[in-house]
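Residue numbers (the working numbering), protein chains in the order written: chain A, 1 to 133; chain B, 1001 to 1133; chain C, 2001 to 2133; chain D, 3001 to 3133.
Treat the hints with caution; some may be incorrect.
As the list claims (entries may be wrong) - Only part of the chain C face toward chain D is listed, based on derived beta-carbon distances under 7 Å:
id, residue
1, A2041
2, T2076
3, R2080
4, H2104
5, R2106
6, Y2110
Read the hints as simulated data drawn from the structure, not as lab findings.
Here a beta-carbon is modelled for each residue, glycine too, at the ideal position from N, C-alpha and C.
Protein chains: 4
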Amino acid sequence: MPKGSDVLRTHPHQPSTMDLIIATVEACRECALACSTCADACLAEQEVAELRECIRLNLDCADVCTATGAVVSRLTRPHRTPMKTLLQGCIEACQTCGDVCAEHARMHVYCKACAEVCRDCQRACHALLNAIP
Amino acid sequence: MPKGSDVLRTHPHQPSTMDLIIATVEACRECALACSTCADACLAEQEVAELRECIRLNLDCADVCTATGAVVSRLTRPHRTPMKTLLQGCIEACQTCGDVCAEHARMHVYCKACAEVCRDCQRACHALLNAIP
Amino acid sequence: MPKGSDVLRTHPHQPSTMDLIIATVEACRECALACSTCADACLAEQEVAELRECIRLNLDCADVCTATGAVVSRLTRPHRTPMKTLLQGCIEACQTCGDVCAEHARMHVYCKACAEVCRDCQRACHALLNAIP
Amino acid sequence: MPKGSDVLRTHPHQPSTMDLIIATVEACRECALACSTCADACLAEQEVAELRECIRLNLDCADVCTATGAVVSRLTRPHRTPMKTLLQGCIEACQTCGDVCAEHARMHVYCKACAEVCRDCQRACHALLNAIP
């Protein structure tokens, strides 16, 4: 089955950091889905009032991951400065959201899964950020 | 490695159409990435002026797939009417974009890959649409 | 102060429906903001558990309005079929969300404002849809 | 006519920085529209091949402004660290995009308008960033 990353692999530009780029794009997309779904799962709980902070940070993290994945996936004429700051913002959004999700990991299986996806995304963004001169 | 769909699998609501929902959410996400990357790849070509229609439809299809994936991934208190029309719009956006990409499939490997991802997304949305009463 | 719509007014393509296009783009953007803010305001209420449906429909409506505004704002090589279905989906999302917000209009001033913005967006999309052959 | 910002003005939380928040949310939304429309207008030009960098930075800036406007518009349980970095990233995206648009300001009226909207957004984000402790 063809995938979105196949389009990246056949793009006219193939930067030396391609593996890190694809890993970051995929991690940002997994994290955006995990976070928006975690917000919706929290909303379904009886004790939703206790989960406000988690919902809010989930929505923020999904927005930042979506923007970061989109910017990183573009290979034509990139500019480093805003991309690096955006990656840093994504690392911080994943850290903040992952920390709050991890606090509910025992109660909600989906928060445990979401926290792990946030950690993965944080690591992928960090690896790419370190590879950009 | 944990994935975004693991959060869907552990969501408090588990509708009977869950497999179709996850297939649609994943297909919409693959298609959004394929289309936005295809737009960027077209932009990198010498003959970009010939590829305007492809770029525009790619950007539209990415926007519609992103919205459709987000709406379908929410399991708390869904309403059928707008979701069904959105799925229909996504089918049409994928059809239109896939047709134009398929015309360049011989010249550009990435357009071939993008056309296939569009077809997959179209099929997934269609299967879910048929399953909603 | 320059505005986003000034870029539309000076675009190389100036379709005969330009006034309806700008009205729809602006209405979709107002509605996306109104709905995502209404979701956040509901989340801040003590009785957030009673407001799940409103929050969910708000997030859906914001996603659909964002996609619709983006697609309608592109003037280069448009295709009618998916655009018309997307406009129809936006009308239904605004109707559904506006109806639920209107039910809380007495209790929450922001739900009253959100319902009115949804109605405006519905009207703007309807007027444009009627003008597309 | 009711507006999206009316929902912010009637939100249960009214932080002391509300005027700066609304100014930033509005500026980010104007900038997202200006940039995505500028990309589409560039795509319509004969010499689109000369405008690749402008198109790419426009799309990036639109994505970052959309995310920043969304995060800033949420008033329930905010976290400062990722929000401040995101505002900084938005300032840099607007600066980069505005600089490239300004280079074409004499040739394309819409690039002139877009550059001005980018500057406004940069100023609004800067003012809010300075007001966050």
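Verification of the supplied hints:
Of the supplied interface hints, the one on A2041/C holds, with its beta-carbon coming within about 5 Å of a beta-carbon of chain D, less than 7 Å. Because the smallest distance between the Cβ of T2076/C and any Cβ of chain D comes to about 5 Å, under 7 Å, the interface hint for this residue holds. At about 17 Å, the closest approach between the beta carbon of R2080/C and any beta carbon in chain D exceeds 7 Å, and the interface hint on this residue is violated. About 12 Å separates the beta-carbon of H2104/C from the nearest beta-carbon of chain D, more than 7 Å, and the hint is not met.
Evaluation of the R2106/C hint against chain D yields a violated restraint, the C-beta minimum of about 13 Å exceeding 7 Å. Given the 7 Å rule on beta carbons, the hint for Y2110/C holds: about 4 Å separates it from the nearest Cβ of chain D.
In this structure, the hints that do not hold are numbers 3, 4, 5, in rising order.
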